[in-house]
Structure formats: C-alpha cells, structure tokens
Amino acid sequence: DAGVIQSPRHEVTEMGQEVTLRCKPISGHDYLFWYRQTMMRGLELLIYFNNNVPIDDSGMPEDRFSAKMPNASFSTLKIQPSEPRDSAVYFCASSFDDAGSYEQYFGPGTRLTVT
Amino acid sequence: GESVGLHLPTLSVQEGDNSIINCAYSNSASDYFIWYKQESGKGPQFIIDIRSNMDKRQGQRVTVLLNKTVKHLSLQIAATQPGDSAVYFCAEGVNNTDKLIFGTGTRLQVFP
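Quick note, the sequences are listed as chains A and B, same order. Numbered continuously in our numbering, the first sequence closes out at residue 115. Numbered continuously in our numbering, the second sequence closes out at residue 1112.
No lab work stands behind these hints: they were computed from the structure. Here the structure is a predicted model, which means the values were calculated and not measured. Worth double-checking, as some hints may not be accurate.
[Unchecked claim] Within a straight-line C-alpha distance of at most 27 Å, the following computed BS3-like cross-link-like pairs (lysine-lysine) qualify:
hint, chain 1, residue 1, chain 2, residue 2
1, A, K78, A, K68
2, B, K1099, A, K68
3, B, K1068, B, K1099
4, B, K1042, B, K1099
5, B, K1056, B, K1099
6, A, K78, B, K1099
7, A, K24, B, K1068
8, B, K1056, B, K1071
9, A, K78, A, K24
10, B, K1099, A, K24
11, A, K78, B, K1042
12, A, K68, B, K1056
13, B, K1068, B, K1056
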C-alpha cells in the first residue's frame, strides 16, 4: 500500500494567490482529515470527512479556506486568497471505521510558504 | 509575523537508557488515546494506543500507561535508540466522535 499521498510536497506562492493542496487517502478508508501544523499552534484539525461528506469543519480558520471530497479517493484543500500567516505544513490523514481503533494514517505533508 | 512559538519540552537521553514521555490530557470524557511519533520532515506515525478501560498496554519496546484519576498518560521506551529521536505526540479521542485532539508534543533527543 502506498499510504496517504499528498501533492505537492512543497508550495511557494505569493500573497493573494490561490493555493490547492491535494490528498489521496488509503484505499478503503472512509474517513479523511485535514490538519495544519505550525510552531505557534501545533497540530490543528481543520476539517474531516466521512464517506466523502464533511462532518466537522469547525477548525477551518476562515472563509478563505475550503475543502472538498468529490470521491472516495481524492480531496482538496483550497486557500483563496492566500496570506503569509497561512504558511504551515498541511497534513492529510485517513482512517477506516473500526470499533477497535481510531488510528489515523498521515501523509507526508505539504509545506506551504506564502510570501 | 510570529513572535513566540510553542515551547516543546525536550527529553535528552543516552542511547540504551529508558525514556519516559509524559502527557496530560484535558477531557475527562476521552476514552481513547494514541501516541504518535513524528520525525523531521515526515507525518506523524502511529506507535501505540490504549482505551480508557485499560491502565497499561505494551508493544515492542514501548509501554503506555494511563492514569484516569489525574488524566495523565505516559509512553515508556525501553533501550532507547538513535532512531527514536523525534517529536512524540499524545492524542485523545472520544468514542463516537472520530476526532483526535493532539497535544503539543515532546522532543526526544538520543545521544550516543
């Protein structure tokens, strides 16, 4: 299994530009999570999906952030317009519904730098 | 810009010694706990988990202890190796919510 796949691994963009981060969860997993990691706030949950449906987006910082999951094998996190304070590492994680475990499998992350 | 970052506690140990990493969790309703390891430039990786109906669980070279009375969790690593150097996070979850809340992390440094 290839694990959770994220692209791009690094993104450098200018303030005001649109940024799209992509994630492919592990096949068969029905939960997908988007996290942001910064030195200031640590690892924060932004939004998560179950069976492609957004369940909790209370962690999304503001309207500039949006996430979609059009099918079971693909999700995007979009920032429009981007700002320097959005600079962070963004992780996608997936899991499957198992009464015995809540383990989430993390991707390698996308390091976003907004100048 | 950012002026103050999270202060990550750091534990420094000598190779071969045992390590104990501690975590205080916040929600008394949490009934599931996971320890993750994050190496530089990588995503967090699952180490071991424990449910609230247990107070101890052992894996390969690792043991997790749970004290619900004081809401404390610890990760013990036996015979610590240089490859154990990483940031370790505890995460808590509440049954039927599917979310995990992560702690701020502890950096483990292993010296030869």
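Hint by hint, here is what the structure shows:
no. : hint                  : in the structure
1   : K78(A) <-> K68(A)     : 8 Å, holds
2   : K1099(B) <-> K68(A)   : 18 Å, holds
3   : K1068(B) <-> K1099(B) : 20 Å, holds
4   : K1042(B) <-> K1099(B) : 21 Å, holds
5   : K1056(B) <-> K1099(B) : 22 Å, holds
6   : K78(A) <-> K1099(B)   : 21 Å, holds
7   : K24(A) <-> K1068(B)   : 37 Å, violated
8   : K1056(B) <-> K1071(B) : 14 Å, holds
9   : K78(A) <-> K24(A)     : 15 Å, holds
10  : K1099(B) <-> K24(A)   : 19 Å, holds
11  : K78(A) <-> K1042(B)   : 22 Å, holds
12  : K68(A) <-> K1056(B)   : 39 Å, violated
13  : K1068(B) <-> K1056(B) : 11 Å, holds
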